[in-house]
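Colleague: The sequence shown maps to residues 1 to 349 in full-length UniProt numbering.
FYI, nobody ran anything at the bench for these hints, they're computed from the structure.
Glycine included, every Cβ here is placed at the ideal spot set by N, Cα and C.
One thing to keep in mind: the hints can contain errors.
To be verified - Beta-carbon label-pair distances, calculated as ranges: (1) E295 - D149: 31 to 37 Å; (2) T225 - S309: 26 to 32 Å; (3) E301 - D176: 55 to 61 Å; (4) R163 - H71: 29 to 35 Å; (5) D176 - D115: 35 to 41 Å; (6) D233 - Y116: 46 to 52 Å; (7) R313 - I99: 32 to 38 Å; (8) S207 - D176: 18 to 24 Å.
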Amino acid sequence: MQSPRLSADRPAMLGHRARDIGFGIQFPDSQPDHARSASWPGGRPYANSVTPPDGPPFGPPSGQAALPELHDTVVVAAFEGWNDAGDAASDALEHLEAIWEADPILEIDDEAYYDYQVNRPVIRQVDGVTRELVWPAMRISHCRPPGSDRDVVLMHGVEPNMRWRTFCAELVAIADKLNVDTVVILGALLADTPHTRPVPVSGAAYSPESAKRFGLEESRYEGPTGIAGVFQDSCVAAGIPAVTFWAAVPHYVSQPPNPKATVALLRRVEDVLDIEVPLADLPTDAEDWEQAVTEMTAEDEDLAEYVLSLEQRGDAEVDMNEALGKIDGDALAAEFERYLRRRRPGFGR
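Given the sequences, and given the hints that come with them, work out the whole structure.
Modeller: Rendered as structure tokens:
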């Protein structure tokens with residue numbers, strides 16, 4: 001894992017608004033988002049798909065194989081870019097693709113959705129000699145997690161630059177063809193939260209009952225949204241239940257990776273699917289990340305004092321929430337059930 005470094009640069013605005021205090025912790029620069037997971041096993045079966053003028057495609061292009069027959073399907077989606085502070089959400093999707101050995105279904109890299117001067121294509125080396133051109137795209141894959149009787153479809157790609165409603169209509173049409181009955185959207189935002197405390201996860205659910213089930217507090221946010229919010233709205237409008245989970249990333253350490261936030265999002269995937277999500281080395285990476293950030297903040301007196309103030313404010317809010325939560329027996333029961341599931345031998349490993 002790369003070590004963070006202190007920087008005088010302002011933190012990158014990858015999520016919702018963040019307080020600018022004039023300093024930040026950054027990780028070494030990495031390659032563009034859409035190049036990080038460009039290796040696509042089995043080729044790109046539906047590359048260069050084009051949305052016809054009368055609406056999104058409801059089947060594969062002529063000459064291509066049909067979409068697989070799936071049942072009781074859950075979509076887990078993440079979008080790189082504005083919705084993905086610290087790459088926490090896209091890293092969670094990449095982790096699921098790897099541990100569940102997801103098979104590619106199709107790829108949407110329609111130039112009607114992307115401004116290539118904003119999200120430029122990337123040249124990458126394949127074997128040290130051959131070069132490959134990688135375009136920003138939305139990759140859709142399928143897997144059947146061990147121990148689950150449900151199909152899982154993973155939607156992972158770059159937030160489009162234009163025609164969001166058409167883009168989301170295309171994703172919803174694909175979800176309909178795959179018999180999707182639940183959509184889970186992962187995101188990450190910058191927030192005034194300390195790196196030393198559990199990662200706050202907020203979200204939006206499709207009903208008050210689902211909000212209570214997943215322990216989501218009612219969001220009071222009003223303001224700009226990203227493709228994650230638009231996709232959720234499109235799903236609900238089409239009659240597909242959709243829930244969004246947002247991990248809060250400390251704005252003073254906004255650069256990727258953030259394995260601690262990634263783990264927090266994967267825990268929420270466990271809650272929805274009610275199955276084990278093997279975490280591999282992520283918990284250790286999260287501990288190492290927290291220790292590295294703690295050591296770096298200790299070297300800056302102003303930053304250390306600021307982190308302490310965040311800790312004190314956060315602890316006071318937790319105490320208040322716990323006092324109020326004692327009144328809600330259903331929420332306590334749901335939290336206790338999650339605790340028992342994670343106490344099972346080998347769970348999450």
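Colleague: Determine whether the Cβ-Cβ distance between T225 and S309 falls within the hinted range of 26 to 32 Å.
Modeller: Given range 26 to 32 Å: holds, Cβ gap about 29 Å.
Colleague: Lying within 32 to 38 Å: is that true of the beta-carbon distance R313 to I99?
Modeller: The hint (32 to 38 Å, Cβ to Cβ) holds, given that R313 and I99 are roughly 36 Å apart.
Colleague: CB of D176 to CB of D115, is that within 35 to 41 Å?
Modeller: violated (28 Å)
Colleague: Against the range 46 to 52 Å, how does the distance between the Cβ atoms of D233 and Y116 compare: consistent or not?
Modeller: violated (27 Å)
Colleague: I want to verify a distance hint. Is the separation of the beta carbons of S207 and D176 within 18 to 24 Å?
Modeller: About 20 Å separates the Cβ atoms of S207 and D176, which means 18 to 24 Å holds.
Colleague: A range of 55 to 61 Å was offered for this pair. Does it hold for the Cβ distance of E301 and D176?
Modeller: For D176 against E301, whose Cβ atoms are near 56 Å apart, the range 55 to 61 Å holds.
Colleague: Could one say that the CB atoms of E295 and D149 fall in the range 31 to 37 Å?
Modeller: This hint is violated: roughly 45 Å between Cβ atoms.
Colleague: Is the distance from the Cβ of R163 to the Cβ of H71 consistent with 29 to 35 Å?
Modeller: holds (31 Å)
In this structure, the earlier hints numbered 1, 5 and 6 are contradicted, and the remaining ones agree with it.
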